[in-house]
Structure formats: C-alpha cells, structure tokens
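Novice: Given these sequences and hints, build the entire structure.
Everything in the sequence shown is counted per the working numbering, starting at 1 for the first residue and increasing by one.
In short, the hints are calculated from the structure, not lab data.
Note that the structure is predicted; figures quoted are calculated from it, not measured.
Don't take every hint at face value.
[Stated by the list, open to error] Restraint-style ranges between C-beta atoms, simulated for each label pair: (1) 220 / 152: 25 to 31 Å; (2) 202 / 66: 43 to 49 Å; (3) 161 / 58: 39 to 45 Å; (4) 204 / 159: 21 to 27 Å; (5) 205 / 161: 23 to 29 Å; (6) 73 / 150: 38 to 44 Å; (7) 225 / 98: 30 to 36 Å; (8) 242 / 161: 42 to 48 Å; (9) 201 / 1: 34 to 40 Å; (10) 96 / 208: 25 to 31 Å; (11) 129 / 90: 43 to 49 Å; (12) 157 / 226: 41 to 47 Å; (13) 240 / 15: 30 to 36 Å; (14) 96 / 150: 35 to 41 Å.
Ideal Cβ positions, reconstructed from N, Cα and C, are used throughout, including at glycine.
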Amino acid sequence: TIPFKDLPQAFHGFTITQLSDIHAGSFGSTEDVERGVALANAQKSDVVLFTGDLVNNFASEMDDWKQTFSKLKAPFGQYSVMGNHDYGNYSRWNSEAARADNLRKIKEAHKEIGFRLMLNENLTIEKDGQHITLIGVENWSKDINHRYGDLNKATEHINESDFKILMSHDPTHWDAEILKHPKKINLTLSGHTHGMQMGIEIPGFIKWSPAKYLYEQWAGLYEKNEMYIYVNRGFGFIGYPGRIGILPE
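Specialist: Right, dumping it as structure tokens:
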C-alpha cells in the first residue's frame, strides 16, 4: 500500500498487479507457469502491468505459452512495455531483416496475450470522471546500445498536475532521468534485476543480494522526494535455472 497526497479520490484503493521478466525461453514446467498466472489473477486487481522481458531472445519462445498468459485479465486492462532481452541483441542473426522480423513477432505476442504494448507513449485510465496517466517507455539502459526509451516522447501532452504511473524495465532509469524529469512521475514500476536470483531475506531483519552492488534499487519499494519506485523480482529466470533465497515475485 502506497499513499499519495495527489492521487485522485476515485483511485483511492486502486490495485495493480505487476509482472515482470517472464523469460518464456527458460520455462520447463507447465504446472508452475499455470500456477503463477492463476496466482496473479487471484489478486483480482484493477489493472495488470507487465514491465518487460517477455522472452530470452526469440519470439518463438512464447509460442507454447500464449494460451496460458492470455488468461491474465483485469477490469481496467492489461498493459506492457519491452525489456532489454526483447530486442534480440543477445543473439547472432543471419541478417538485420531476421532480427527485425523477430522483434515484430515479439510485439505481436503482447497483443496476442491481451496486453496493450506501450512504446514511448501514454494513455489515461478513467474512473468515475477522474483519471490517472499511464506511461510506458521502451527499454532504457545505461548502455547506449540497449537504450530505446524516450521519456520526453512518452510524456508528451501530459499535464504536470496529472497523477502518473510509469513502466520502465530497468530501474537505473529512475536515478538517471525519472527523478529529475520536469513532469513529476509519482510511481515507477521496474524489473530487470531478478534480485540476481540469489540472496538472503528475512522480513524485518535483512534483505541482501549481490544485486545491491550493481543497482541502487534492486528489489521492492523505494522512495525519494515523495516519488516511488517498485522493483519487481521477476516471474521467471534466466541463466541459473532457479533461485536461492530470492523468490520470484
């Protein structure tokens, strides 16, 4: 639960289920994936937001899972953005045309599972005559070779007074651009880190992972100047086929 002084009254109690880092290319157990999707739906949230990395590299990795993830539903809709693994930059391609075709199919996969993919753009979610603004940027990274996000473009035509929720895959974007952006972003939702898939956590006592040496914000909720970021630990995994101490979200 996060309190905001400038949240429109109609959205008091509004609920979000955030998923991130599905990494469909790593899945083995149909039962586990189905259970995760059912758990997300069981929250009965107002909106479902997915913050990137649908696959590891290839659009085909989603082929066997589209039916499962199309079960995700929320009354105010399902929205998504791209993550660094969704652009095919970690694979060798026979041609640029092949890479572009893979990217096109990944974008189509978002639509096929019922998500509105947001590519450096914004939209309004309306309730009882009031609204909040949802913003989605493409992947932004410190590495310019993986930087596609354009926050200025994504926030065009937004009033500064609007309450804003931003989906941005990589949490390093928060300190680099988001916190100092002239149009105050009330809440940012990110993923990407996976909490390194290893660490130690005892609620109320300790939360530690090697991820902290790479990311100032690596898992959970953080606040600066009445602006918040939530870093999701991810749905799936990549590389090491599991997690030690840092469970999936």
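Novice: Report the numbers of all earlier hints that the structure fails to satisfy, in ascending order.
Specialist: 2, 4, 5, 6, 7, 9, 10, 12 and 14
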